[in-house]
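Student: Read off the chains here:
Number of protein chains: 2
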Amino acid sequence: MAPSDVKVQLLGSWASPFSIRVQMGLKLKSVEHEFIEENFYSNKSDRLLKANPIHKKIPVLIHSQKPICESLLILEYIDEVWTDGPSILPSDPYERATARFWTTYIDQTWFPIMKELEKAANDEAKATVIGKVIEGLVLLEAAFVKCSKGKSFFGGDNVGYIDIVLGSYFGWIKVLESVGGLKLLDGTRTPGLAGWAERFLSHNVVKDVFPEPSKLLEFYMMVKAARVSSA
Amino acid sequence: MAPSDVKVQLLGSWASPFSIRVQMGLKLKSVEHEFIEENFYSNKSDRLLKANPIHKKIPVLIHSQKPICESLLILEYIDEVWTDGPSILPSDPYERATARFWTTYIDQTWFPIMKELEKAANDEAKATVIGKVIEGLVLLEAAFVKCSKGKSFFGGDNVGYIDIVLGSYFGWIKVLESVGGLKLLDGTRTPGLAGWAERFLSHNVVKDVFPEPSKLLEFYMMVKAARVSSA
Chain A
1 MAPSDVKVQL LGSWASPFSI RVQMGLKLKS VEHEFIEENF YSNKSDRLLK ANPIHKKIPV
61 LIHSQKPICE SLLILEYIDE VWTDGPSILP SDPYERATAR FWTTYIDQTW FPIMKELEKA
121 ANDEAKATVI GKVIEGLVLL EAAFVKCSKG KSFFGGDNVG YIDIVLGSYF GWIKVLESVG
181 GLKLLDGTRT PGLAGWAERF LSHNVVKDVF PEPSKLLEFY MMVKAARVSS A
Chain B
1 MAPSDVKVQL LGSWASPFSI RVQMGLKLKS VEHEFIEENF YSNKSDRLLK ANPIHKKIPV
61 LIHSQKPICE SLLILEYIDE VWTDGPSILP SDPYERATAR FWTTYIDQTW FPIMKELEKA
121 ANDEAKATVI GKVIEGLVLL EAAFVKCSKG KSFFGGDNVG YIDIVLGSYF GWIKVLESVG
181 GLKLLDGTRT PGLAGWAERF LSHNVVKDVF PEPSKLLEFY MMVKAARVSS A
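In the order they appear, the protein sequences are chains A and B. Sequential numbering of the first sequence, starting at 1, is according to UniProt numbering. Sequential numbering of the second sequence, starting at 1, is according to UniProt numbering.
Note that these hints are calculated values from the structure, not bench results. Keep in mind the model is a prediction, meaning the values are calculated, not measured. Be a bit skeptical, because a hint or two may be false.
Pairs involving identical chains hold if they fit within one copy or between any two copies, as the list cannot separate such chains.
[Unchecked claim] Calculated cross-link-like contacts (lysine-lysine; reagent style DSSO-like; alpha-carbon spacing at most 30 Å):
#1 Lys50 - Lys224
#2 Lys224 - Lys207
#3 Lys119 - Lys27
#4 Lys215 - Lys56
#5 Lys66 - Lys215
#6 Lys29 - Lys132
#7 Lys57 - Lys126
#8 Lys115 - Lys56
#9 Lys115 - Lys50
#10 Lys7 - Lys126
#11 Lys7 - Lys66
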């Protein structure tokens, strides 16, 4: 098939949580697509710069030659276009607002705190950041109890918007746990989330698109080494 | 009517762009509601802390005693609940994604730059920030041309999501222009936006909820003076 005939393309990277979540959304809806690996950190392709000239970031979904940017918005788009498959967002407006609230919280508040872990200059600073990351997880535990209503996922019986968005960070949570000798997702402190994590990682939609933890760890060490040598 | 019988309440502040945009959304949909003025900067009420325990911020829409937080999400909620009135978001998924892209850009990229104006330490730093604010407006000019398709508003014949979100900052744009002796919205550089601004400010949905520029300026000077005296 010639590239111009391909209806759905995803410009992404195997290691990016933002890209992984879009892959999960497409998989949930059984949308056939071409995955185009872009360089995560540098040497952005002309194709990416043309598709996302404002933010110059992956992921970009290209559907009928039109680019859709920003992973949360791409998931909403997928849900609105491919209405045949299982829903990503709930149908009730209040539940939709709640799902959007938590995905926004995860991306704008919780994840930026987790990113600070790398920058923490000493053990004390690191402990403070870890405390905040865990505070966020405790809030998300309460959100899980409320949203799942005793079922397996935030989305109920199936994975939904919050599952996909929070779950997309799992690979990096595992890397940080491994590198820092930490336990972020703890069965005693956040039993709901710990159980959810296991179910999520073995879900059909997830396991095929989720990167190998060892491969992610290797990638992390490589990027870190490159940063140190160019600093 | 006893407060518990009121179906829709808005915890907001007359001077907050985030609150003003929700007022516009409710007005567009002709939703009767009780407006509850909250302190913008300090002394947060127990009511607000209970309604938005995570971010502790206005606006919060309370509908059937359930709180909905985050202004962009509240506008989506209003659009989904009160479907009888004019639409806030477009119906086409690609146009919805585009509208969400620009509202997210405005709130997360453009407005944070504008906020730096206050912190600029000297004329050079100020000129750099102004340059970036204007760069953003030039992007928004192009977005206006694309989204409005020759009609009056981003939303076409009527005000929509981008109109409400960008327009909610108008009061503060005018304050910054007035305080700094600037012209941010310029008819030569961004003719589409300049014309749009006039139409927007005289629109039914807008003019009744929009604060008087002189009142906003007074408020700005008061807050600034309070900051200086407490620094």
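Student: None of the hints should be skipped; say for each whether it holds.
Tutor: Tested hints:
1. Lys50 - Lys224: within (29 Å within a copy, 42 Å between copies)
2. Lys224 - Lys207: within (26 Å within a copy, 53 Å between copies)
3. Lys119 - Lys27: Answer is neither; intra-copy 34 Å and inter-copy 46 Å both fail.
4. Lys215 - Lys56: Cα proximity of Lys215 and Lys56: one copy only (25 Å, versus 40 Å across).
5. Lys66 - Lys215: For Lys66 and Lys215, neither the intra-copy (32 Å) nor the inter-copy (44 Å) Cα distance is at most 30 Å.
6. Lys29 - Lys132: Neither, since 35 Å and 40 Å both go past 30 Å.
7. Lys57 - Lys126: Both: 28 Å inside a chain and 28 Å across chains, each within 30 Å.
8. Lys115 - Lys56: Answer is both; intra-copy 20 Å and inter-copy 23 Å each pass.
9. Lys115 - Lys50: both (28 Å within a copy, 29 Å between copies)
10. Lys7 - Lys126: neither (46 Å within a copy, 46 Å between copies)
11. Lys7 - Lys66: Close inside one copy (10 Å), not across copies (41 Å); limit 30 Å.
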